[in-house]
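Let's have the full structure, built from the sequences with the hints guiding it.
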Amino acid sequence: MEIKFFDVNMFIGRPMNGLFGSVISARDLITEMDKQNIKKAIVWHIFQYEGSPVEGNRILAREISKSERLYGCWTILPPQTKEVIDRDFFKKMKENRIVALNAFPEWHRFVMDKVSFGKFFGEISERKVPLFLTMGRACISWDSLYRLMRDFPKMVCILCDIGIWGVDRYTWPLLEKFEFFYLESSQLSLEEGGIEATVKEFGPEKIVFGTGFPVRYPKAAILQLKHADISEDAKVKIASKNIEKILQKVQL
Amino acid sequence: MNSIWKEFYEKGKSEQCPVYDMHGHMGSYSRIYFPYGDFDPETIKKRFDRAGIKILVFCHHWSLFSPDIGNTANIEAVRKLPELLRAYCGLNPNYPEIIEKDVEEFEKYRDVFVGFKLLADYHGLPISHKNYSPAWKYADKKGLIVLLHTWGGSNVDGPEQVRIVAERYPGAKILMGHSCHGEWDKALQLMKDFPNVYAELCAVVDDRGGLEKFIDGAGSEKIVFGTDWPWFNHHYYIGAVLDSGISDDDVHNIFHRNAEKLLSSLI
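Going line by line, the protein sequences match chains H and R.
Quick note on this note's numbering: the first sequence kicks off at -6 and runs consecutively.
Quick note on this note's numbering: the second sequence kicks off at 25 and runs consecutively.
There may be inaccurate statements among the hints.
[Claimed, not checked] Lysine-lysine pairs mimicking DSBU-like chemistry, simulated, CA-CA at most 30 Å apart:
| hint | chain 1 | residue 1 | chain 2 | residue 2 |
| --- | --- | --- | --- | --- |
| 1 | R | K70 | H | K234 |
| 2 | R | K70 | H | K193 |
| 3 | H | K193 | R | K69 |
| 4 | H | K193 | R | K104 |
| 5 | H | K219 | R | K125 |
| 6 | H | K(-3) | R | K30 |
[Said to hold, decoys possible] So these bits of chain H aren't anywhere near chain R, every CB distance computed over 12 Å:
| hint | residue |
| --- | --- |
| 7 | M9 |
| 8 | I78 |
| 9 | K170 |
| 10 | F206 |
Keep in mind that the hints were calculated from the coordinates and are not lab data.
Ideal Cβ positions, reconstructed from N, Cα and C, are used throughout, including at glycine.
Here it is as structure tokens:
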């Protein structure tokens, strides 16, 4: 069975301190995706993190408009400053094919909890808009993530870049407790038996495929999933079906 | 490259390109959950067969973390699965009397051990410390492999420490486990300066760029494959190496030829 890959963890743009093999534009990213046989991707722009979420979001929207295979992920800041989130926010997401959000609270210096995001996270929980968080890039601590999920148990949250060391002791309680909490696969694939054990405990529906490109090698996650000791049906779900199902439920 | 990738992608392993994993462990470890941490020969056979792993050279976690258990854990594991396993005799410099005893008895276990493993970042004393001397001298004399845990910025097993032992013990075959992680340029310089120093890829290919630098600077003859198994997945790291754009010849060197040479007189 041919597996179609839908990658939820790719970024474009060159980081300020340099990065081996980074890609400048959507066109370059598509070239790489073709090389790797990746059909679709949810992408963000590194400038959203390093420079300006506002301008980075704009650049991203412009870039992904060049290919229907790309979907965007915008970076949010606390609604109170109105830098990113305004009255027409969801309308703008729809107009620009933005299907998900991400946040880097520690790096962007804000507290991501009920005080700052209560109403907004209530709304994205209702609209089923996925929030991507990363355990890399000084994004969020495990304590903060646990608190966030306790406060917003219906929120669709996809945790990326879970770390080099296996983190099942951290993630399995979240997978057990929260229906809409998911793991991105790139570093779960790195853990020996990580995919298999997670599927056995929670089913394949809780994992979505990602490569971590351009930081990581796409063929690493691809080869691991292709030969994971799980059913073919489970592989197809992880590779693309799960994220497609999540995106079908998004209401903008 | 394409034919090797195609074979791995379609079958999960390659007949033309077996894989020698030169950096592994065995058994559980308190700070992490391993789905395949428990020693079970049948599971190991099955997992290794899926990825075409010809041999794993490892050091049992309990040998490294419990002086009370020591190298017994390595000996028992290898003797239960000799067709797939060889071990590094684990050294803990906080117990020099055990090191002396292990060196004295090394010949008794030549069916088990191909060399020594040092984990200085965890044991706290530098790899050049006198407490390791009996093992270093023995490895130097016998041409044994010494797998070092090395990490960039470390004052006990960083590149400066590797330089000291590489100069002092030219007969030992030194594998820089994790290749002085993050200090790739210094690791590369060590590979170029010393014929007895090799890069080992565990944690190097977590990110793109390090392997490519080593290939460009020192060539694939100075690189061996390793995964820290059961920490990391064989297919993941195999896919990473195959995605680096290196030649078929380089892939063969990294996956098996270099290891075959290093192990030829030892197993």
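The hints, checked one at a time:
For the hint linking K70 of chain R to K234 of chain H, the alpha-carbon distance of about 28 Å falls within 30 Å, and the restraint holds. Restraint check: the Cα-Cα separation between K70 of chain R and K193 of chain H comes to about 18 Å, which is no more than 30 Å; the hinted pair holds. A distance of roughly 21 Å separates the Cα atoms of K193 of chain H and K69 of chain R; the hinted pair therefore holds under the 30 Å criterion. Distance hint between K193 of chain H and K104 of chain R is fulfilled; the C-alpha atoms sit about 28 Å from each other, no more than 30 Å.
For the given pair, K219 of chain H sits about 46 Å from K125 of chain R by alpha-carbon distance, which is inconsistent with the 30 Å threshold. For the given pair, K(-3) of chain H sits about 16 Å from K30 of chain R by alpha-carbon distance, which is consistent with the 30 Å threshold. Against chain R, the non-interface label of M9 of chain H holds: every CB pair exceeds 12 Å, the least being about 16 Å. The claim that I78 of chain H lies off the interface holds: its Cβ sits roughly 33 Å from the closest Cβ of chain R, which is beyond the 12 Å cut-off.
Its beta-carbon lying about 18 Å from the closest one in chain R, K170 of chain H satisfies the requirement of being farther than 12 Å from that chain. Against the 12 Å criterion, F206 of chain H falls within the reach of chain R, whose nearest CB is about 8 Å from its own CB.
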